[in-house]
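K.L.:
When you get a sec, could you build the whole thing from the sequences and use the hints?
If you're matching them up, the sequences are chains A and B in order.
Once you know that position 32 of the first sequence is 32 in this note's numbering, the rest is easy, because the numbers rise by one and skip nothing.
Once you know that position 70 of the second sequence is 1070 in this note's numbering, the rest is easy, because the numbers rise by one and skip nothing.
Below, in silico cross-link-like pairs of lysine-lysine (DSBU-like), each with a Cα-Cα straight-line distance of 35 Å or less:
| # | chain 1 | residue 1 | chain 2 | residue 2 |
| --- | --- | --- | --- | --- |
| 1 | A | 14 | B | 1042 |
| 2 | B | 1042 | A | 70 |
| 3 | A | 9 | B | 1001 |
| 4 | B | 1001 | A | 71 |
To list a few chain B residues with every Cβ distance to chain A over 12 Å, as calculated:
| # | residue |
| --- | --- |
| 5 | 1008 |
| 6 | 1013 |
| 7 | 1014 |
| 8 | 1026 |
| 9 | 1060 |
| 10 | 1061 |
| 11 | 1067 |
| 12 | 1070 |
| 13 | 1071 |
| 14 | 1076 |
| 15 | 1111 |
| 16 | 1112 |
| 17 | 1113 |
By construction, these hints were calculated from the structure, which means they are not laboratory data.
Note that beta-carbon positions come from the ideal geometry of N, C-alpha and C, so glycine has one too.
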Amino acid sequence: NAGVTQTPKFRVLKTGQSMTLLCAQDMNHEYMYWYRQDPGMGLRLIHYSVGEGTTAKGEVPDGYNVSRLKKQNFLLGLESAAPSQTSVYFCASSPRGVEAFFGQGTRLTVV
Amino acid sequence: KQEVTQIPAALSVPEGENLVLNCSFTDSAIYNLQWFRQDPGKGLTSLLLIQSSQREQTSGRLNASLDKSSGRSTLYIAASQPGDSATYLCAVRRSNFGNEKLTFGTGTRLTIIP
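P.N.:
As structure tokens, this is what we get:
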């Protein structure tokens, strides 16, 4: 049982480039989330989804887009990367209202 | 807006000691609270989940308590070991009605001294 898998694990982008981070879960969870973790800031919610085909904004959604076309996948897109988006990105999933499970993270550097 | 605070930010204790990590939150209308462990450069590992109707949960040497009315939770670690060294995060979930996002504290970095 793989749990929550994030792809890629590391990436370096140039300012203005675009990329997509993929999160896949095999636990049939309804809810999926994207967080970013920055030193001294804790984890902050970017976007989340309460089911296939739905998405909603979190605390820090600007500069990001998401899609949940399939229940098991939640994609996070950066259309035009900025140095301020250098961070570690975590995906999580949970059944409704119960324990959340996290992926191993994607370390993104924008130069 | 829910705010979650963990004090202290860092803690060092000798191996074998019992210790308590603290978590406080401003809005007591929570659905549950979850404690995580994060090792350097790694993801978050769930340790314990406490529902709002519960007072405590135990797993091995770990015991988490919840006092919802006062906005506090503690994580008790018995007989600490060097392998317990990590950052410990608490997170609260506000509701169970379609808006169930976790709000995190900034964590306590725990070092167990051999």
